[in-house]
Amino acid sequence: MTRQPFILRNPSVLVVLALLAAFTLAVTLMSTAYGSGALPTSTVKVLGKTLCLALAAVAMDLVWGYLGILSLGQMAFFALGGYMIGQWLMYARTEAIVAASLSGNPIPPTVQELREAVANQIFGVVGSADLPLVWTLAHSLTAQLVLVVAVPGLLALVFGWLAFRSRVNGVYLSILTQAMTLALALWLFQNDSGFRGNNGLSGLQNIPGLDGVGQARLSVWFLWASAAALALFYVLAAWVVGGKFGSVIRAIRDDETRVRFLGYPVEGFKLAVFTLAAMITAIAGALYYPQAGIINPAELMPIASIYLAVWVAIGGRGRLYGAMIGAIVVSLLSSWFTGGRAPDLNLPGYAVKWVDWWQVALGLSFVLVTLFAPKGIAGIFDRLAGILPPRRHGRDLGPDQGALQEQEAKA
Amino acid sequence: MTCRLIALLLNLFLALPAAANPALEAVIADNLDQIERPSRRTVEPVVARIAATGPEGMALLSAWAGRSLGLADGRLVIVTGDGATDAVTGQAVTGADPKMLRPNAGVRGVIESALVAGEIASPDRARRAAALASIARDGTAEHLAALRAAAPEPDPALAARRARIEKLLTIRFDADPAARVTAIQDMAGDVGLDFRAALNPLLATRRVASADEPQGANIARELRVGSDDFPREAAIALLTAQGLVQPRLTAADQRNALAAHIVDGRVGGVSVAELSDPQARDRAYEALEGAGTVPPAATEAETEAALAGIRFFDVYAEPEAAVTDAARAAQRGAEWRLGAMKGIDLGLDALSLASIYFLAAIGLAITFGVMRVINMAHGEFIMMGAYTGYVAQTLIADRTLSLVAALPLAFAVTFAAGVVLYRLVIRHLAHRPLETLLATFGVSIALQQLAKNIFGTQARPLTAPAWLEGAITVNDVVSISTIRVAIFVLALLFLGLFLFIMKRTRLGLEVRAVTQNPGMAASMGINPDRIAMMTFGLGSGIAGIAGVAIGLFAQVTSELGQQYIVQSFMTVVVGGVGNIWGTLAGAGLIGVLSKVIESFNPSNTLAAQTFMILFIVIFIQFRPRGIIPQRGRAAEA
Amino acid sequence: MNRIISAAAALAISTGLAGIAWAQEGEPIKIGVLHSLSGTMAISETTLKDTVLMMVERQNAKGGLLGRPLEAVVVDPASDWPLFAEKARELLTVSDVDVIFGAWTSVSRKSVLPVLEELNGLMFYPVQYEGEESSKNVIYTGAAPNQQAIPAVDYMTEELGVEKWALLGTDYVYPRTTNNILDAYLKDKGVAAGDIFVNYTPFGHSDWSKIVADVVALGADGKKVGVVSTINGDANVGFYKELAAAGVSAEDIPVIAFSVGEEELSGLDTANLVGHLAAWNYFQSADTPENAAFIEEWHKFIGDDKRVTNDPMEATMIGFSAWVAAVEKAGTTDVDPVLDAIVGIEVPNLTGGTATVLPNHHLTKPVLIGEIRADGQFDIVSQTEPVPGDAWTDYLPESAVLDADWPGKQCGMFNTQTNSCVQVQSNY
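Residue numbers (the working numbering), protein chains in the order written: chain V, 21 to 431; chain X, 3 to 639; chain B, -9 to 418.
Just so you know, not all the hints are guaranteed correct.
Said to hold, decoys possible - Here are the simulated BS3-like cross-link-like pairs (lysine-lysine), alpha carbons at most 25 angstroms apart as the crow flies:
1. B:K213 with X:K344
2. B:K319 with V:K373
3. V:K373 with B:K52
4. V:K373 with B:K177
5. B:K213 with B:K177
6. B:K126 with B:K179
7. B:K20 with B:K213
8. B:K179 with B:K20
9. B:K290 with B:K52
10. B:K20 with B:K52
11. B:K296 with B:K126
12. B:K52 with B:K399
Unchecked claim - Simulated restraints, written as ranges between beta carbons of each label pair:
13. X:I398 with V:R278: 58 to 68 angstroms
14. X:D84 with B:S275: 43 to 53 angstroms
15. X:D157 with B:E153: 49 to 59 angstroms
16. B:P387 with X:A307: 50 to 60 angstroms
17. V:N366 with X:I456: 34 to 44 angstroms
18. X:P233 with B:E153: 51 to 61 angstroms
19. X:D32 with B:G398: 45 to 55 angstroms
20. X:V227 with V:L230: 36 to 46 angstroms
None of these hints come from the bench; they were simulated from the model. C-beta atoms are modelled at their ideal positions from N, C-alpha and C, and glycine is treated no differently.
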């Protein structure tokens, strides 16, 4: 039997790509810079950022939905990507400003003077004037772009290697990933760590060298870039989970011990997927923060990663498009409800203000989804596609207590 | 001047009786402006003059310090309750709406200091104690004389206190060096803050650079240039500050000098465009030096020559060598003791933190450790407990009663919440720990926001009753607040309770049976579901009580639980799941570690927290089953 | 219906009120309110949102502005810093507001700055901050360090005789920069480096026993110890509780706080804190008729007699009045003419003086020192004449040479040594 081409085996990939292309085209045609202007620049930015979040959710689904690791520290990688690109954005922009200002002096500045002036501009705000060691490569775009994937990748590799090697798994691993992101956030909160503490890196929306372009056009460009990245990595993720490799990682999710006994290097597989997901998340972050304009350590507090898990769960884990849908729908809904523009719900005797009650609703809906619809929104598509779970009357799949039940084991 | 005039006119027009104390009247009239807007630095002579006018003056001063002095129509009135009397004449003033004077704390200190002499021998014990406290805070040479002249103190506690203060003042102010040395030797070995505060100023030194040994100075030591505590740069900086050495040419000075001498786009023969190179700048500057247009910069040889001829000394501000020697000996003698005391204090802090973590984690140790049910809303149960305490305090005014009511109430509320959570959510997710984790996260998010909606985001007051206020003080170094001791006791109580329930009660037996083999337990007639529910409720209830305890020493906010949840899980996991002693060990490790890291870098508490968490992350990688790993078949489940 | 009748009646009775009827016809002037209504900053910022709404209502009752009614556009940036930038862009481009009142934390201001400067908006920032900034598009109505921190330290030295300093702060930019400035200032005044103890704690810190012990131990030198606290928000509760438990009275070790006001004290039992200090430009206990009227209006507007007023509310009020005066002077709400007009505007404050908008976009403000009372209010023990706000501190060498002069030099970061504008846009 000949193997069908990748795309034919995964028709959903084509649908997602087509929808993404149509969406991007529609937004472009409605933008102020390239179209009718029906969508203001701030909305274009929101949509572009949402695409980045969707990409992060796809990576999260790789780790959680397919590999079975509930990582509660994914946003650490997301933010690290943002920090890495942010360093260059800040440095280069400041350097241009400083060079322009120093060129007014009678004597041209030395390299040392230029560097000191840049450091003073960036860190004067937080009460320091030296360029910390971690900023050594900040002047080089290439170097920082490499660091965008290298730093989170390395962190995931080292962390994963340590954790998987000592067989930390399940709930322990979740808590450990949470501790990791908490430690990183606390470290970044310190001024001494050299990332401007609580102030973080700001003014990132002004891209050095593109001063004349204007935010209206830049926002569309970033939307394109985000859409392209999402498309690319969606295909990559679908390819990874589609083949034999994908079968192995799903097997690891369902019963790690058995896969190990079958002779597969389980740790290697886990490490590979964990690191790949970290890098994809970092790229999403590097595209997100220039659109958001500011990054600070609050972005990687544990709660952010939990929200990512919430999106994936509501969207439907174990389905890449489910993760995407979850991220897009829930994050847009969240911003609509907390934006203060959702109309109050007038119950008899009490007006529900969504600003106050949205979190409660989200938390409870999350409980409901976990209890009653473990497949999330993607479950609806499964239903439509006629994929129905085999009737095992809810029994465990394996003989052991704690083996996955049938609801969890499909994908 | 105008003030006096107005006062005089007022006197005339209102035909008030003649001033009972003309001297006081005059002082007030002269200094009304000072009295109305006093400053610590200038008020002293005024206070002294008022004090010298007799009992009316003293009464005025004590009213002034007590903020019961007011100004009405240019006259000072003493306000007591709803009546007011004229400060000078002592007559009742009616119908006046005095503007109350509010001297600041510094001024009040000066006034109290002036009042002290009369209070040392006051018949009222409280006033004598207050007087001693005031002297201890701001003693002067006059106080020493007054203390020595005062009648003997009848109260033994106060007498001891007075003797100590007298000694301390002797060290500082006595004219006779021998008396000071004796006083120092008497107190040697004491680690009291006041004693050290008396010694350290005696041993304060200043750094002197001179060619010869300074005459008549009490020299602490001669410094060797280039030694570890006196590097060459420090010596040069000192000489530069004293003008003995030309300052080095800084990069900025060089740049400014060069900029000032640009001629036709060139400086000293170097084109301006080249000056972005530091070496080109040096060349240009040397050329300017050669031409004599800029002053030559200080050279290494000049600095060397200046250093060679000068010796450096640390000189005591205190002229008497005998006193400084005695002080130094006393300080050395107390050094070891002081270090040990600091260690003990750190140990107490660590113990206290450990007990707080233990208390926060003990509920988790039950639900997670024993039942293997993960509950991310545990932190919110702690928060619910704290808010229950707050509500109890708003309903019951008496703080002891409200605390007594709050503890069982908090247990009941969170027990009920735990049971509801178990019945509605956790039971349906049995054996699916990751789903349980996520679902309880949802509950946690909802509960937090709910608390915000009900109580607002502002911290709510939860105040300990008076008998839990204050601290248990061994000496000035070793002390711990009473509330922390209470929490420690509470933690011990719960440890005992836990052990009792697990080892001595039917519930404990059943819990252990269900944990080890639910199937077998069920067939023996135990209802595993009911046991799990009860255990979960128990763990949640204890979290509620922990919440009340934490709220008493920290702040009650909706984020209270969030701050403890990660640490609590760490405590359980680090210690080893399924074993209360492991949780205890985990809490101990985390508590001690945080405090030790904190003491290494006292200026950055955040760093301590970061490194503590980092340490735990790494620790778990190497000992994934914790300090006390669970053995046997249960460990495999 | 009633309103129409009464408006008609008013029109018939008095021509003086005709302005109102006319005002209703004009296109409304939109005022953006960019304060968090949810999240951690909500409690502080919601109060300011209400203050702006109260001012808008008051102005509309007076007949609006330039014959047009005012309309507040309220958005919620939810204590999420990137969201501040997003919402500011939305306000300026979608809602087309003429002015924004908003932001509380420094990081939220830094987040909004690039958007304001790109779109040439105008924002009034009402909170005391660390200085080192002067944007063309922001009017800073809160205190700069020389209007709060420096006078407070002077007070501690002169009135309380403090010789040894503990600078305790939460680890973020305001305490960091303020402490840097204070460190330089104290050293300038001859305080030795060893006599300054600095500590930074995380947000919401609760375990203060060690830090309080460290502070008490500073007294071993025989010098009077004083604490300058830039501890933020809830963490103060635990800090003051531990201070009280350790028996540290205000006479022994006075604590002066820059972030503790009436609002924060309401979460505490203040009995043990009596005598500790706070430095602000306004206290609710200020004894002036203007303040009494303001408090009454506030209580009426919010419908709760127990609500306190605080310094940022006064700053919001001053900013609003200054903007109204500038718009009236300029005859338009366009940003550039308003900015030209606003410099030099003088409006009354609530403590019996006036606030003048300076060329560096800061205000003149009096510095008040208050001692905490048992009822959670402050006894004002010191009040200075209005001090002009200094955007760039004189005590840090890099900033000392900088000056900001918008109408004169069109520059917020002007190097007086080289006589050149370092940069027109702000540092973010």
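Taking the hints in turn, this is what the structure says about them:
Distance hint between K213 (chain B) and K344 (chain X) is fulfilled; the C-alpha atoms sit about 20 angstroms from each other, no more than 25 angstroms. Between the alpha carbons of K319 (chain B) and K373 (chain V) the distance comes to roughly 40 angstroms, so the proposed pair goes past 25 angstroms and is violated. Among the hinted pairs, K373 (chain V) with K52 (chain B) is inconsistent with the structure: their alpha-carbon atoms are about 31 angstroms apart, more than 25 angstroms. A C-alpha spacing of about 52 angstroms is found between K373 (chain V) and K177 (chain B), which places the hinted pair above 25 angstroms, so the restraint is violated.
With a CA separation close to 16 angstroms, the supplied pair K213 (chain B) and K177 (chain B) stays within the 25 angstroms bound. Restraint check: the Cα-Cα separation between K126 (chain B) and K179 (chain B) comes to about 33 angstroms, which exceeds 25 angstroms; the hinted pair is violated. With a CA separation close to 56 angstroms, the supplied pair K20 (chain B) and K213 (chain B) exceeds the 25 angstroms bound. Of the supplied pair hints, the one linking K179 (chain B) and K20 (chain B) is violated, its CA atoms being roughly 48 angstroms apart against a limit of 25 angstroms.
Our distance criterion of 25 angstroms between C-alpha atoms is met by K290 (chain B) and K52 (chain B), whose separation comes to about 17 angstroms. The straight-line distance between the Cα atoms of K20 (chain B) and K52 (chain B) is roughly 17 angstroms, inside the 25 angstroms bound, and the hint therefore holds. Distance check on the hinted pair: K296 (chain B) and K126 (chain B) sit about 38 angstroms apart at the alpha-carbon level, beyond 25 angstroms; violated. Of the supplied pair hints, the one linking K52 (chain B) and K399 (chain B) is violated, its CA atoms being roughly 36 angstroms apart against a limit of 25 angstroms.
Between I398 (chain X) and R278 (chain V) the beta carbon distance is about 60 angstroms. The supplied range of 58 to 68 angstroms therefore holds. Between D84 (chain X) and S275 (chain B) the beta carbon distance is about 21 angstroms. The supplied range of 43 to 53 angstroms is therefore violated. Between D157 (chain X) and E153 (chain B) the beta carbon distance is about 33 angstroms. The supplied range of 49 to 59 angstroms is therefore violated. Taking the beta carbon of each, P387 (chain B) and A307 (chain X) are about 30 angstroms apart, not inside 50 to 60 angstroms as hinted.
For the pair N366 (chain V) and I456 (chain X), the supplied restraint of 34 to 44 angstroms is violated, since their beta-carbon distance comes to about 20 angstroms. Between P233 (chain X) and E153 (chain B) the beta carbon distance is about 27 angstroms. The supplied range of 51 to 61 angstroms is therefore violated. At roughly 48 angstroms, the beta carbons of D32 (chain X) and G398 (chain B) sit within the given window of 45 to 55 angstroms. Range check, V227 (chain X) to L230 (chain V): Cβ separation about 56 angstroms, and the 36 to 46 angstroms hint is violated.
Hint compliance for this structure: hints 2, 3, 4, 6, 7, 8, 11, 12, 14, 15, 16, 17, 18 and 20 are broken, all remaining hints hold.
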